[in-house]
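Novice: We have chain A already, so just place chain B on it with the hints.
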Amino acid sequence: MWTLYKQEVYKLIKKKSTLWITAILILTEIGAATISHLWPKTLPAQMMFVSDFHSAILVVFFSLAIAASTITMEFQYGTIKTVLAQKYSREYVLISKWLLMLTYTLYLYVMTMVMALFLKLVLVNGQFSLVEKGWKHQFWQDWLAAMGAHFITLWVLISLVLLIATAFKTSSVAISVGIIGYFVLNLTSAALFSVIAKYPWLKWNPLNFLNYDHQIVAEEFSKFTKLTDNQLLLGDIGYIALFLLIGILIFRKRSV
Amino acid sequence: MKDEILVVKNVNNFFGRKQVLKNVSFSLSSGRITGLVGANGAGKTTIMKTILSLTPYAGQIMFEGQPSTFNDHPLLNDIGALIEYPSIYPFMTGMEHLRLFARGKVQSTGIQSLIHMLNMEGYINSAARGYSLGMRQKLGVAMAFVNNPKLVILDEPMNGLDPQSNKELRDLIIDQRNRGVSFLISSHILSELQKLAEDLIIVDQGKVVRQTTMKNLLEANNHFIVLNTSDDKKAQEILIAAGYYLVSGEKVRIKTDANFDIAEILTNLISENIAVHDVKHEDEDLEGSVLELLNTAN
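Heads up: the sequence lines are chains A and B, in that order. All the letters of the first sequence, read from the start, carry residue numbers 1 to 256 under UniProt numbering. All the letters of the second sequence, read from the start, carry residue numbers 1 to 298 under UniProt numbering.
Chain A with its partners taken away, still in its complex shape:
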């Protein structure tokens, strides 16, 4: 298992895109923080900081793309035969890829958050304080909670993308579903909430659970989702487990 995980990390490090993604995220944060520094009234630093200076949405896109390709590239290059022709079970092969994604997404979040803190101190330190009142607690606590919720919500999408990549073996389908899923929620949330208001049992559908990161930031969302923060958290974890489990069931019998 450890060997498989090391192999996955090795492959990720050798991809040029891994370096580029880090560079793009850092440059995006520097750019957004600089704009906020120059035009604080147009783009308030505190609002920008909550989304790690606009890097959070890029982290979603990059994570979904890497999640899809970590599985589909093996089929595309035929390397799945070499990976599977080792002594390890198929479950371990797939779990090592999940662990890679967990490591990679944690890296992206920690890296962008540390960078956001650094840019706050260097460029926009005077505009707000981390210990001032946030929307629930102190601002830094709310920021960490928002990032945590964003991470969990992203993982619902990642688990779905990993499932689709395992089932269809093509990156484009998997990435499309993940990104469309992300946007569809924002575009159709009004319609979704009105349907939930009419049929309360629909609040358990997975799209509603993608509102967790919104609800953490804006408490009034619970009126529409009809779920508490804890229900959303546990539901997200449940859906992540379900999607990953279905992926294993498909993968364990696949002929390559």
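Worth flagging that the hints you see were computed from the coordinates, not collected in a lab. From the three backbone atoms N, C-alpha and C, an ideal C-beta is built for every residue, glycine too. Take the hints with a grain of salt, since some may be wrong.
Residues from chain A shown here face chain B by an in silico Cβ test under 8 Å; the list is partial [what the hints assert, rightly or not]:
no., residue
1, T3
2, Y10
3, K11
4, K14
5, G78
6, T79
7, L84
8, A85
9, Q86
10, K87
11, K133
12, K136
13, H137
14, Q138
15, S255
Just a sample of chain A residues kept apart from chain B, beta carbon distances all over 10 Å, derived [what the hints assert, rightly or not]:
no., residue
16, K41
17, V50
18, Q127
Specialist: Relative to chain A, chain B alone:
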């Protein structure tokens, strides 16, 4: 018969409703090179994939006496393989591929030795996206050997190799065989396989038609005596009249068996004043034997 390293017993395999392997049974002797021969679609690659647990199957596979199943196959730790075409990550160099799959710290000297034996020094540190078919094939072969396996499975390993590379691969296989490594090799280039394989498994339409040794198969082949005489046409008439079976053509080509007597043939001709300038022996090759066997099976 030496110890059996791999035993395959009553293995069946389906692609959807189509049965592609039908009660396949055979065994591989330890430290020997076994050729897997058959027409396209006969099931050679599927047999190899089944041993490697790349495709689900029903039946029994034992490696060094230990059972192996689709989901539990520790035997693969001791098997190296190249199946269909080399599996290459284009963004990595050849060296990085070898390091990726090499186990343990003792591998670095082994990797260098493989690179040297396959003459890959010139490009092993370049990105694999720029490799030619032959370079990829060599890298795939090197990856199969990288963990000092006890059994190596090679599916069409000569694909895309030039004559020099072919020889390097042949030398590597023989060197490893001499160190006790067992091989299962499929190839369409039967003349190459004839130079390597000691045992043979011949498959047709998902079944094992025959398991034999190369020596036995070739010994059972047709043998010919080809004569160069002062009057080939007359010599043909004399020999046919004497009861010999001649292959039609301009040359005096006599089909013989193991008990033929060259002196008797020469006496027949000399007594009729035909001078014999040259005598050659010809044996049917592996290709002829396999084709004949497959035709008989059908």
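Novice: Each hint needs a verdict: does it hold in this structure or not?
Specialist: Here is what the structure says about each hint:
1. The beta carbon of T3 of chain A comes within 7 Å of a beta carbon in chain B, closer than 8 Å, and the hint placing it at the interface holds.
2. Given hint, Y10 of chain A at the interface with chain B, holds; its Cβ is 5 Å from that chain's nearest Cβ, closer than 8 Å.
3. A distance limit of 8 Å between C-beta atoms decides the matter here; for K11 of chain A the minimum to chain B is near 7 Å, and the interface restraint holds.
4. About 5 Å separates the beta-carbon of K14 of chain A from the nearest beta-carbon of chain B, less than 8 Å, and the hint is met.
5. Among the interface hints, the one on G78 of chain A holds; its C-beta lies about 5 Å from the nearest C-beta in chain B, closer than the 8 Å criterion.
6. Taken as an interface hint, T79 of chain A checks out: its beta carbon lies about 4 Å from the nearest beta carbon of chain B, inside 8 Å.
7. Hint on L84 of chain A holds. Least Cβ distance to chain B is approximately 6 Å, under the 8 Å limit.
8. With its C-beta approaching chain B no nearer than about 4 Å, A85 of chain A sits inside the 8 Å limit, and its interface hint holds.
9. The interface hint given for Q86 of chain A is met, as the beta carbon of that residue sits about 6 Å from the closest beta carbon of chain B, less than 8 Å.
10. Satisfaction of the interface hint for K87 of chain A is found here, the shortest Cβ-Cβ separation to chain B being roughly 4 Å, below the 8 Å cut-off.
11. At a threshold of 8 Å, the smallest CB-CB gap from K133 of chain A to chain B is about 48 Å, leaving the interface hint violated.
12. Hint on K136 of chain A is violated. Least Cβ distance to chain B is approximately 45 Å, over the 8 Å limit.
13. Interface restraint check: H137 of chain A against chain B, minimum CB-CB distance 45 Å, threshold 8 Å, status violated.
14. For Q138 of chain A, the shortest C-beta to C-beta distance to chain B is roughly 44 Å, which exceeds 8 Å, and the interface hint is violated.
15. For S255 of chain A, the suggested interface contact is upheld, since its CB lies about 4 Å from the closest CB of chain B, less than 8 Å.
16. For K41 of chain A, the condition that its CB be more than 10 Å from all CB atoms of chain B holds, with the nearest at approximately 45 Å.
17. With a least beta-carbon separation of about 35 Å from chain B, V50 of chain A lies farther than 10 Å from that chain, consistent with its non-interface assignment.
18. Residue-level check passed: Q127 of chain A sits 42 Å from the nearest beta carbon of chain B, beyond 10 Å.
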